[in-house]
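So you can see what is in the structure, the chains are spelled out below.
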Amino acid sequence: MVYVAMVTGFILILMGLYGALTNSNILRMIVAFSVANTGVNIVLVAVGYIDGRTAPILDAAVPVAEAAVRIIDPVPQALVLTAIVIGLGVTTLMLAYAYKLYEIKGTLDIAQFSELKW
Amino acid sequence: MVNAIFILVIGLGAAFLLGFLRDKRKLAYVVTLAALVSMAWIAARWLLFFAVDGGARTEIFTAGTLPPFAINLHLGIAEAALMLLVILCGLFSAIYMQNTLMRLGRRMMSVLLVFVMSLCGIILTRDVFNLFVFFELAVIATAGLILLCEDKRTFAAGFKYLIISQIVSILLLVGIIFAYHASGSLNIDDMAAMSSGTLKGVGSLAFFLMLMAIMTEAKPFPANGWALDIYESAHPAFSALFSAAMAGAAAVYAIDKLLLIGASQWLPVVTAIGLLSFVAANLLALVQTNDRRTLGYSSVGQVGLILVVIGQRDILGEHYLYIVGGILLSHAVAKAGLYWLSGLLSQRKLTDWSALRGHPLLIFAFVSFVAMLTGLPPFPSFYAKWDLVMLLAAENRLWILALILIATLLEAGYLFRWFGYIIKREKETDKQILSLASHKLAVVLSTAVISWGLAYLWGELSAHGNLLYALPLLFALSFLLLDQLPARIKNSLSIAGMVAYFMVSYPTYDPLQLIFGAIFLLGSSVILLASYHVSGRRVGFYPSALLMFAGLTLLIVAKDAFHFFAAWEFLTIGSYFLILRGKHSEPHALSYVIFSLGGAFLILAGFALAAQGISPFPLESLAQVAKPIAPWVFLLLAIGFMTKTAVIGLHIWLPGAHAEAETDVSPMVSGILLKAGLFGLMVLLMNMGKQSLYGVELTYVMLWMGALSAFLGNLMAVFQEDAKRLLAYSSIGQMGYALFGLALMNQLGWLMALMFVINHYIYKSMLFLSIGGIAKRTGTRDMYKMGGLIALMPLSFIAVLIGIIAVSGVPPLSGFGGRWIFYNAILESEYRLPMMLIFISGPIAFLYLFRLIHTIFLGQLKDEHRQIKEAPFWILLPQMIYVVALMIFAVVPGLAMRHVDAYLSPFFEGQGLNWEGFTITSHYGYWSPVSIMIVVAVIFATLFAWLLFVNRKAQKVKQFNIVYSAERPFRPETTHFAWNFFAPYRKALGFLMQPYVTRFWETMMDLLHSIADLSRRFYTGNGQTYGIQLLAFVVIVYLFKMEF
Amino acid sequence: MIKRFIVLLFLLGLGLVFAGLLSGYSADNELNLTGRYYAEHTAQDIGAANIVTAIIVTYRGLDTLGEVTVLFLTATIVAVLLGRGVAQKGKSLQRDLPKSGELLTTGSFLLVPLILLLGAYVFINGHLTPGGGFQGGAIVASAILLMLLTDPLRHFSHRLISIIESISGLFFLGIGVLGIFLAGGFLDNRIFPIGEFGSLFSAGAIPVIYSLIGLKVGAEFSSMLVNFSETEGS
Amino acid sequence: MQFEWIQIPYALLTLFIVLNFGLIMNAFVAKIGARVGRRHGIPIYQNYLDLIKNYGLRSSITHGMMFYLGPVFRLTGGVGLIMFVPTIYGSLMFSNFSFSGDLILALYFIFFGTLGMALGAGESGHPHAAIGISRGLSQVTMAELPLALAIFSIALQYQTLSVTEIVAAQQGGIQNWTLFTNPLAVAAAMLSFLGSVMRPPFDVVLAPQEIPIGPPTEYHSSYLALMQTNRVIYPIAKMVIFMNLFYGGADNWLVFFLKIFLIYMFAVFVGVVFPRFRVEQSIRWFLIWAVPIGVLAVVLV
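Chains as they are written, first to last, in my numbering: chain V, 24 to 141; chain Z, -7 to 1036; chain S, 3 to 236; chain W, 620 to 920.
Hints were generated in silico from the structure; no laboratory data involved. Errors might be hidden in some of the hints.
What the hints assert, rightly or not - Think about it this way: if two alpha-carbon atoms lie no more than 30 Å apart in a straight line, the pair counts; the simulated DSSO-like pairs of lysine-lysine are:
#1 Z/948 <-> Z/861
#2 Z/419 <-> V/140
#3 S/5 <-> Z/1033
#4 Z/619 <-> Z/423
#5 Z/575 <-> Z/861
#6 Z/144 <-> S/5
#7 V/140 <-> Z/341
#8 Z/619 <-> Z/768
#9 Z/551 <-> Z/619
#10 S/101 <-> V/140
#11 Z/979 <-> Z/777
#12 Z/854 <-> Z/979
#13 W/672 <-> Z/950
#14 V/140 <-> S/5
#15 W/878 <-> W/650
#16 Z/948 <-> V/128
#17 Z/341 <-> Z/144
#18 V/140 <-> Z/777
#19 Z/948 <-> W/672
#20 W/650 <-> Z/945
#21 Z/575 <-> Z/777
#22 Z/777 <-> Z/682
#23 V/140 <-> Z/423
#24 Z/144 <-> V/140
#25 Z/419 <-> V/128
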């Protein structure tokens, strides 16, 4: 279970990166990065998972006293939330940039934006 | 004491607060500044607490829970200092960007505040995930602040950065989560405390990913194309922040923290990456023409250097903070300062910086920054580099040492070239390039003040003592303040100061020091007399000249390697500024400073190798250096010193530098400065004696070098058409003699060398002054354009005449004494082959000397020179003093020499001369200067008087009143035989004149530039490619470091 | 082609690293030190039933503050990036937009209040149930999105959004600072009584903070959406 | 050795003897040269006449101060040189002022006159004079080199730089002469000698017969007289050094005359046989033939 999730996550990362580094269209790159980010998030969550346990919320199903043996690791869950939000922020920013770049040159081909070099 | 978390709170709070101030831009700006000031105040209070009160590190816990369960912040001296740096940088940038921020409104101000806050967060936090969050904040804020610039290209740069940061965050997150899994904690100290076993396997890989991710933020070569694009296109004030605060402070500190986890096995990786960046970036910077991109490359290089220091943490011990701090702060202050400075200019080519000319304060700021970057004294990076190099050598990490020095040299190369552009390139008058807004100016100048403050601070902290306390140096620096005074007043002050200093200090000198001291202090005062001829203010001359003299003065009293080297650097820099003042001296000054610094670095390496960690390292201890390294030390030091004496092969800087310098500067750099190299060699030889490497005796090699220099230097002088170049080449030859004498390693050889020190000072100064005066009057230095000036400039003529008799060693003048001792010296030595070369060079010297006097003073007077006056009085005065001095020294050389002879005796047993009355005897021969003088004078006077008497009524015939080939010549120009004067010689020996050496160095330079030009194409400008490069970088490092 | 090959090659290298991570990975059977601490101490120390929330808001509150700031920054920057063009061109739209349709219009009238309510519920109950400020904020923003879809030309007050942003941000910070003075440290939630475990008004400041976060996130998402939608105008 | 006043008349006496000997020898040599060329040649007293005539003439022309100084330098060089070396071995009377310095002094003093001459001629403003000087200097620098090497070689051989001591070491038979104990040095020195006496094949500098070129071009009357005097004294002064260093010196005037004459005849002989070199040719010639011999002399001693 954990391994499946993790392998999936890694494959998503690699796929995403492949897409981001081979597609020359900026929007496609952004999408590809989103894919990769998703992969990262899956990996994050997968790491904290413990077989046969439940979510780290103390309610009727998980009494406080038994929490330590009943719940999965809450930390990755907390981290993934932050990671998602940050990923979202960066993606938004990239989109805004993409818009602006298009406005400047009328193209979304990343190779066209290479006046700065050497 | 205010809780340091308020730094973050204030930054963030102010950023949020700005949301209310939608239309009140002024108020928003004030809030921004106030926030930054209060943040800085908190950081400064903590810094004082740690530094002055010796407070202990404190922990700041959040959420009322202990780490690792909650995030904690660490605050120690390093954190406080770095935060102060970051915040001040932000504050200065905010002030600097006043107009831009006001235009863009509160949003940008809040982004700026968040940026500064997040950098502080990076510095403070001890939690890896929190580190990630703050890094992302910084990244996003960067993407925002990039927009400060009008340049459309910045959008592309920002997007490239976002691509990279995506990859970085992927790596970082994967790394963090697996590190968490392996250690059960997100706390850095916790992870570090785990036994290294925990971080084997997965943990180690996870650490690798984290390290690479954070490392990318420090912009290592080659995964840094995006950073360079940002540096080039962003607002300079942001580039300053990006370079100084983000890469140079926050990112490297994050790496430093992270390495607590990775421990020693990762240090080599960091070192390697740092070295690669340092070398490659500085190499690539050589071919840049855009100022901000150049600074970007330099930033990459400097951060690389900081990484190297971090990577060497294992051997630096207690010096770690001092060293890394020195380099880091130097980089930050200097780079930020330069970026801010660049914002004053509207054009982006390096050569456009000539617009700074006429603004001495700005130039002073620029020089301070450049000196700071290159690690010149008295700036912190100098102290830091010294300690670093010493420790590296002690641990035998010589490759690292070598690469650091090479890269520093490259960096010095392009930075000083840039400085040359400022001073020497033509200003474009039609364009208004420079805009001097007062707030921007205030920022730049206060940064310059800070740089000197840091210099003082690092001096105080240094174990070697504060260089800024040296009286001669202070004297030189004080002239920066006096620079508004008229030149004549400054001149009087300088002369008075130097003479007074000599009077006070000479009783403490031993005879050797006395000779050099007299030349360095009194000698230069005499030359300074000539400077009275310049009216006006002569901005920049006196600080430079006095800096050089300060270096020289400090050199002879230096007791340990550190002070010796510092003095060496002072004199190098001072003389560089002096030489650069010449009209066409830009390329020559550059090659001078590069060769000089190259030589200086060899000296540094030599000292480091010799010291083996002993600090301070007294110069006398060179004698105790043990066998396997001793010859290498000798070699390094000797080559370093010989660069200064312009031994053949390393001489190509000299002719241009000496010839193109100003009239009164040429004698300073030729007559005085060259002696520094000889002094160094004397110190070296006195302490280390003969050394052999692979069975080759090194002094024997030096002997050959000296002979070759004497021969080729003289030969090349013969064929010069430019009078000052002729003298310059002659200096190479003369220094060859002196070197030869020293390398003979017997007392007479040394005596001769010292004799040369005095003689060469006198006659070369005199000749340079006369020629300078003549060039001033005729407006040319080409000898064939002159002629017949004897009647118009008789005093100059006498000076030259006496000068050339002395140089050529013809009795009865003092040059002969040198030659006489020389022959006696070589008779004592067993080496015969190199002597032949020296033999040849003697008569050859005679050729160029004759040419000098003939083509200028004799022959036909040119029409356009008929109205010329004698050289100015102030230029003539020192010459006449020299004439008298030469005569005195010719008759009674014993005045000076017998003391030196006695002083040298302990070093060489029983080889001295016998000074009886007026006769000087050696084992071989004898010599009585007084009777020679009398005999020659009597014969001469008798004949002369007689001839005058006989021909007393002779009519003076115009020179042009001649006939040849049965015709009267009709133009004096065609009748002066001067050009290519020694044509037969050129036919016979011209093949020796092939400029192989020059071509060799030029090829080297071309090669470097070509490599740089080729390899920078690697940065294609395509953001995607940069992403691939980053990926490749990570993978390649992984492959190199496979043993996880 | 070569580029793809190179990228593949290096991704293969990165894959190697990942494979190394994977092969060395052994799933835990029980909680590690940190996880165990949270499981055992959250209830009595923080008083939050949702341990993840406790971690997010309190234990790792600094992260969350940063997170919120990320959104704040993004929103600000997007505004700067996209705002400039709009200011030049004015607000009027030249071309006709296709009608959004009856279904969408009517549906949004019905749904928007409900969605807003749900959002508020989610962030207020963040310490008890799955969910929290971010989720709630996102839900709130989705209502705005829906409104924008319905009427792309609808004008939202930037001023209002930014004031909400600022107020919620400042209060968040203020509560954090109160933690220093009233409780154990910055962002300590125990400035208010922990209350009865499991009830709405428990877990100290967590519900307040999460509400503020919700507001702020909602405002920021909205701000971004609005800015993006306004680019339509140019 | 110390200075005493009596040395002054002694030195003047030496000078007088040398001058007369030189005048006669020069004429004699000229005569021989003429006879070889089947000409009648000058009378033996011709040089006296020339000298007296020239000294008697007053010039009415000068080109400036250096114009005076040139000949003065020149003759000072010649006279000084002979003053600084002992002429007759073992004779206190004819040791002149040799206590002032040793071989090195003599070696360097050779240049004194050359420099002065060159300066004076340069002052004349005549391009041919300058050309002559440039040639002369070029040639003399290379020609002096083998001599310097040879002197260095024998200084090494005898471990002294004192002329008197070198002569002393050669006493006691012809086999002790440096000529036999160090033939390479002598060979080098003699080749060098050819270059410095301004006779063919190395006389392009003066080129006396064909073209009016060279330093004396503009000189006449008493200027010329000084230079003529020097041309008499200077070669002899130089040959005195040779004689002392290589041929055992002379312990009386007869031996002195004989040895000097023979040494001079060597140059005359070569000059009569060989054609004239151009300057660069002579530089190469010295570099290829004379210098290596000198080097060998130094290395092998």
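So, going through the hints one by one against the coordinates:
1. Z/948 <-> Z/861: holds (20 Å)
2. Z/419 <-> V/140: holds (28 Å)
3. S/5 <-> Z/1033: holds (25 Å)
4. Z/619 <-> Z/423: violated (63 Å)
5. Z/575 <-> Z/861: Given that 30 Å is the threshold and the Cα spacing comes to 23 Å, the pair holds.
6. Z/144 <-> S/5: OK: residue 144 of chain Z and residue 5 of chain S at ~28 Å, within 30 Å.
7. V/140 <-> Z/341: holds (15 Å)
8. Z/619 <-> Z/768: Given that 30 Å is the threshold and the Cα spacing comes to 54 Å, the pair is violated.
9. Z/551 <-> Z/619: Holds: residue 551 of chain Z and residue 619 of chain Z sit about 23 Å apart, inside 30 Å.
10. S/101 <-> V/140: violated (46 Å)
11. Z/979 <-> Z/777: holds (23 Å)
12. Z/854 <-> Z/979: holds (28 Å)
13. W/672 <-> Z/950: Given that 30 Å is the threshold and the Cα spacing comes to 26 Å, the pair holds.
14. V/140 <-> S/5: holds (19 Å)
15. W/878 <-> W/650: holds (19 Å)
16. Z/948 <-> V/128: Status violated; Cα separation ~85 Å.
17. Z/341 <-> Z/144: Measuring from Cα to Cα gives roughly 18 Å; hence the hint holds.
18. V/140 <-> Z/777: violated (50 Å)
19. Z/948 <-> W/672: holds (23 Å)
20. W/650 <-> Z/945: violated (37 Å)
21. Z/575 <-> Z/777: Given that 30 Å is the threshold and the Cα spacing comes to 20 Å, the pair holds.
22. Z/777 <-> Z/682: Measuring from Cα to Cα gives roughly 49 Å; hence the hint is violated.
23. V/140 <-> Z/423: holds (27 Å)
24. Z/144 <-> V/140: Holds - the C-alpha atoms of residue 140 of chain V and residue 144 of chain Z are around 14 Å apart, at most 30 Å.
25. Z/419 <-> V/128: Given pair residue 419 of chain Z, residue 128 of chain V is violated - Cα atoms ~35 Å apart, limit 30 Å.
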